[in-house]
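Could you build all of it, start to finish, from the sequences and the hints given here?
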Amino acid sequence: MAIISVKNLIKTYGNGEVETKVLRGLNLEINSGEFVAIMGKSGAGKSTLLYQISLLDRPTDGQVIVDGVDILALDEDERTDFRLKHLGYIFQDYALVPELNAIENVIIPLLMEGISEDEAKKRGTESLKELGLDGKANNRPNQLSGGEQQRVSIARAIVQNPQILFADEPTANLDSMSSAAVIESLKRLHEKGQTIVMVTHEEEYTVDCDKVIYLIDGQVAEERIKQKPLK
Amino acid sequence: MFRKFKKFQTSLVVGTLLAKRQITRGNFWINLLIIGIMTLTFLSLVVISGILVGLLEGSFQANRERYSGDVFISTLADESSIQSTGMIQSTLESLPIVQDFTVRYKSGATIEANYRERRDFSALPNSVGVNIVGIDPEREESVTGLSESLVEGQMLESDESGYILLGSTFIRRYSNFSDLFEPLDEVYPGDRVKVSVTGKGLTFSSDLSGDSTASSNTQEFIVKGIVKSKVDEVSLAAFVTESDYRRLTGDTSLNAQEIAIKKADGYEDQYVKQVLVSYGFSNLAKIQTAAEAIPKFLDDIKQTFSILGTAIGGIGLVVSAITIFIVIYINALTRRKFIGILKGIGISGTAIEIAYVLQSVFYVLIGSLIGALIVYGLLVPVIAANPIDFPFSDGILVADPLPTFNRFLILFFVTVIAGYLPARLIVKKNTLDSILQR
Ligand SMILES: Nc1ncnc2c1ncn2[C@@H]1O[C@H](COP(=O)(O)OP(=O)(O)OP(=O)(O)O)[C@@H](O)[C@H]1O
Ligand SMILES: [Mg+2]
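Each protein sequence line maps, in turn, to chains A and B. Letter by letter, the first sequence follows residues 1 to 231 in the numbering used here. Letter by letter, the second sequence follows residues 232 to 669 in the numbering used here.
Calculated directly from the structure, the hints in this document are not laboratory data. Treat the hints with care, since some could be wrong.
[To be verified] Output of the computed footprint for chain A on chain B, the stretches with three or more beta carbons under 8 angstroms from beta carbons of chain A:
(1) 242-249
(2) 327-333
(3) 563-574
(4) 653-667
All figures in this text were calculated on a predicted structure; none of them were measured in a lab. We put the beta carbon where it would ideally sit given N, CA and C, even for glycine.
This is the structure we're talking about:
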């Protein structure tokens, strides 16, 4: 079943004289449990697409259904609430809050959902542990390496078991060792059934993906669906 | 409804966490700067008007302590003396609400000094017009502590005769008003002065030399001391004992001109006054509390100063509100990316706004606390011990708790708004724009 369904998605930047049409009637479907990679040249519109389907931005036109909800019909507060309850984010630059330590960064969405601090801490500690960060819970972002920070941000993204995990070039700022660790983490999440949509430039990180979508000029140029190996 | 409340509750939890961490782990110098501004604003709100009011309050206090007492009895407008003074006196003696009182007899007089050295009789004599005040030295001392105003010599004693205390304003070396009148030249304790009365109540002349009009009397006194005070009634008077006063003026009436009353502890001035009025004394004399006995123009100046102080403090408040706004705005602006990310991962705008409001609350509480400690722990006692030397008073710092608390409340609300507005402005910005900092 399609957890994300995009029809005729149009995103235009600017108004009046200088109009940049970034997404030009884009269609795609992503099924629950899929690990999807979005690829394409710089400026092709990968990030723009991700922002539209992850409710961080509002499309100019078209239809986007996420988890059965027509997201264009939501108001600002509903969108924020939707992001909190259904979506997880991994940003290229980790995007941790500098004043909060690792565990606080991870549990803040849980607290926002009304989960008690004790319970949140328990779940946060588990998430950090899963990502190999036990012992770093009380470190602040500036006391962590880039790779560790990115894994904290993955912990934050998955702590509430979101329906979909979005990642925009999560390894772009990392060396190959750290990148491999991050991809490995995503792979393990995928194996547990997590839906993941990831923008990447690296072909090698797509080997485990179920689907690779190539964008050219704001349109899906090619969709490669991997054959699942028969067990 | 319930869901909204629940949402607000969780926003409060998250906002509190963010506020705590931003204060404890944020930039120490920015915290210090904002708290410093809050403290200074609190001080400017409380201290400027407090000192302006205190300049007058100091003079009111001195007037009460050195002259009028807590309740002041004086002559009715159309009388020259307090009627039935003796009856009032004996009533005062019997009242437990009166701790002590002092009775004063007053009339106009001329004092001449240096007459022995006067060679040129065509020149004007070295004399000044004064209020001669007859007192019981012990009672005056008990009510107004007259001897504390002595700058030279000694206090009068009731069993002595022929001595006088001179107000310092009449003596050149103390006088600030020597351009207004000619004060007495070199007069020191032990010197002799001639006192002439021409006043009311004078029925006969004991001056047998007859060198003057029939209604005047002149006697020689030895200067016993010189009294200096910022209360004009003290430094512009000449004190003699009551018996000398009678001898000098020939006043046989027992009716006095002033009675200054010191109330017993635990009573309000107004209550003591009401009791006296209930005895019908207000038909015999004018009865005023210390506050009522203050000259009206001084009270008007106090009101003006108070308004002026509030206006100056108000400008300070506006300036610091803008400063706080700018500091918090810039602070929030530099954190715009993180505000965007928080919103991006689903943290409500309310939670972020709460974080900034709580920070402002923290700043205003700490700043005001430090300010209050400075005011009550340092400035009030220090200025009370070392009053500001002002021509007509020893200025103190008046910081009554209630007005101070009201000013704190104003500061509180202004600061909270100055913290909320920038947060709101930045929270309202497009989430993605904030995250991407474009
Ligand atoms: N706010 C904006 N205003 C105008 N044009 C924009 C804006 N944001 C993006 N664009 C344009 O949209 C196009 C697609 O941008 P986008 O960030 O989606 O590319 P991308 O595929 O993610 O590239 P990269 O691999 O470099 O990240 C670019 O040409 C860019 O200039
Ligand atoms: Mg991009």
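Hint by hint, which ones does this structure get wrong, listed from lowest number up?
The structure breaks only hint 2.
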